Amino acid sequence: MEWLWGRYGGHAMFDPYSLQHVVWFFAITVALAALRFRHIWAWVLGFAAIWEIAERWIVDHVPNFPFVGKEDWINKAVGDPISDIAGFLLGMVAIRAVYAVMRRSRLGGFPILLERAKAVATKAHEGQRYGKFPYTHHLFGTWDVLEKFGFSEEDPNPARRERSQRLILAAILHDTLEDTDLTYDMLLEDFGAGVADLVFAVTNEPGANRKERFFKTYPKIRTHPDATILKLADRIANVIHALQSNWDILRMYCKEWPEFERALRAPGECDAMWEYLESILEE
46 MEWLWGRYGG HAMFDPYSLQ HVVWFFAITV ALAALRFRHI WAWVLGFAAI
96 WEIAERWIVD HVPNFPFVGK EDWINKAVGD PISDIAGFLL GMVAIRAVYA
146 VMRRSRLGGF PILLERAKAV ATKAHEGQRY GKFPYTHHLF GTWDVLEKFG
196 FSEEDPNPAR RERSQRLILA AILHDTLEDT DLTYDMLLED FGAGVADLVF
246 AVTNEPGANR KERFFKTYPK IRTHPDATIL KLADRIANVI HALQSNWDIL
296 RMYCKEWPEF ERALRAPGEC DAMWEYLESI LEE
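Note that my numbering has the sequence shown beginning at 46, numbered continuously upward.
It cannot be assumed that every hint is accurate.
Said to hold, decoys possible - Derived Cβ-Cβ restraints for the label pairs, each shown as a range:
1. Glu250 x Met297: 34 to 44 Å
2. Glu306 x Gly195: 34 to 44 Å
3. Asp200 x Gly237: 15 to 25 Å
4. Pro156 x Glu328: 31 to 41 Å
5. Gly195 x Trp302: 31 to 41 Å
6. Asn249 x Arg174: 18 to 28 Å
7. Glu320 x His269: 20 to 30 Å
8. Pro312 x Glu160: 18 to 28 Å
9. Arg206 x Met297: 15 to 25 Å
10. Gln289 x Arg206: 14 to 24 Å
It is worth saying that the hints were derived from the structure and are not from the lab. Only a predicted model underlies this, so the values are computations on that prediction, with no experimental measurement involved. Backbone N, C-alpha and C define an ideal beta-carbon position, used for all residues, glycine too.
Hey, can you work out the whole structure from these sequences and the hints?
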């Protein structure tokens with residue numbers, strides 16, 4: 046290992062300058078993650094290439110420029126890239142560790158959980174379509190319906206805010222147990238029992254056909270305080286989409302409306318959502 050840490054051609058292969066590369070690329074990686082850049086490895090690779098090209102130009106044209114030394118070619122060819130990669134890998138390890146701690150301890154609060162829910166749902170539903178859109182279009186549409194009816198992640202009332210945030214996370218994840226390989230335990234680990242139980246409550250039970258599946262699922266929805274709200278938001282989002290693009294599906298929802306209402310509607314609960322759904326079905 047002497048060739049790595051000793052002297053080669055009169056220059057140190059890994060010296061304080063190489064450590065500087067590690068620190069810089071660690072900071073760059075963490076900053077890109079904090080700014081929510083996707084494909085961080087590609088950004089870091091591109092930045093490293095620009096960095097090295099610029100540094101070589103500076104070495105040749107700007108004598109005594111701060112932070113840039115005239116290392117021999119083998120240092121530049123081996124030492125710098127290894128230092129860059131080391132900084133990047135350390136940054137990624139740190140990011141994953143911090144995110145894991147924040148998710149498990151809830152230190153990151155709702156924003157971290159929301160980004161996690163988006164990432165989990167996007168990956169789980171990858172390749173699935175919702176008409177001409179990616180399937181996430183429906184998930185975010187369900188979230189939009191919740192916000193339309195006052196379920197805001199920024200509600201000034203702490204109890205209502207917590208309830209709304211739980212509903213929003215469940216809206217993004219509400220089809221994962223039914224249509225993907227995710228399990229209840231996976232949701233429980235990442236998002237807690239409140240979200241996992243809500244997603245489970247609106248997940249269709251097995252059945253020979255759509256009518257049988259709903260017949261078995263409606264009692265489960267009624268047992269969860271917020272499941273009806275989530276199911277209503279889901280149905281409203283589906284009807285809005287059907288109005289715009291698929292009249293056959295819209296006719297199916299109209300046919301199902303009497304049983305849907307009879308099974309889930311309770312006096313004084315979610316009246317505004319029920320009235321809105323009824324009005325758009327009658328259009």
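Okay, the hints, checked on the actual structure:
no., hint, verdict
1, Glu250 x Met297: 34 to 44 Å, "19 Å, violated"
2, Glu306 x Gly195: 34 to 44 Å, "21 Å, violated"
3, Asp200 x Gly237: 15 to 25 Å, "19 Å, holds"
4, Pro156 x Glu328: 31 to 41 Å, "37 Å, holds"
5, Gly195 x Trp302: 31 to 41 Å, "23 Å, violated"
6, Asn249 x Arg174: 18 to 28 Å, "19 Å, holds"
7, Glu320 x His269: 20 to 30 Å, "22 Å, holds"
8, Pro312 x Glu160: 18 to 28 Å, "38 Å, violated"
9, Arg206 x Met297: 15 to 25 Å, "36 Å, violated"
10, Gln289 x Arg206: 14 to 24 Å, "32 Å, violated"
Checked against the numbered hints above, the structure breaks hints 1, 2, 5, 8, 9 and 10 and satisfies the rest.
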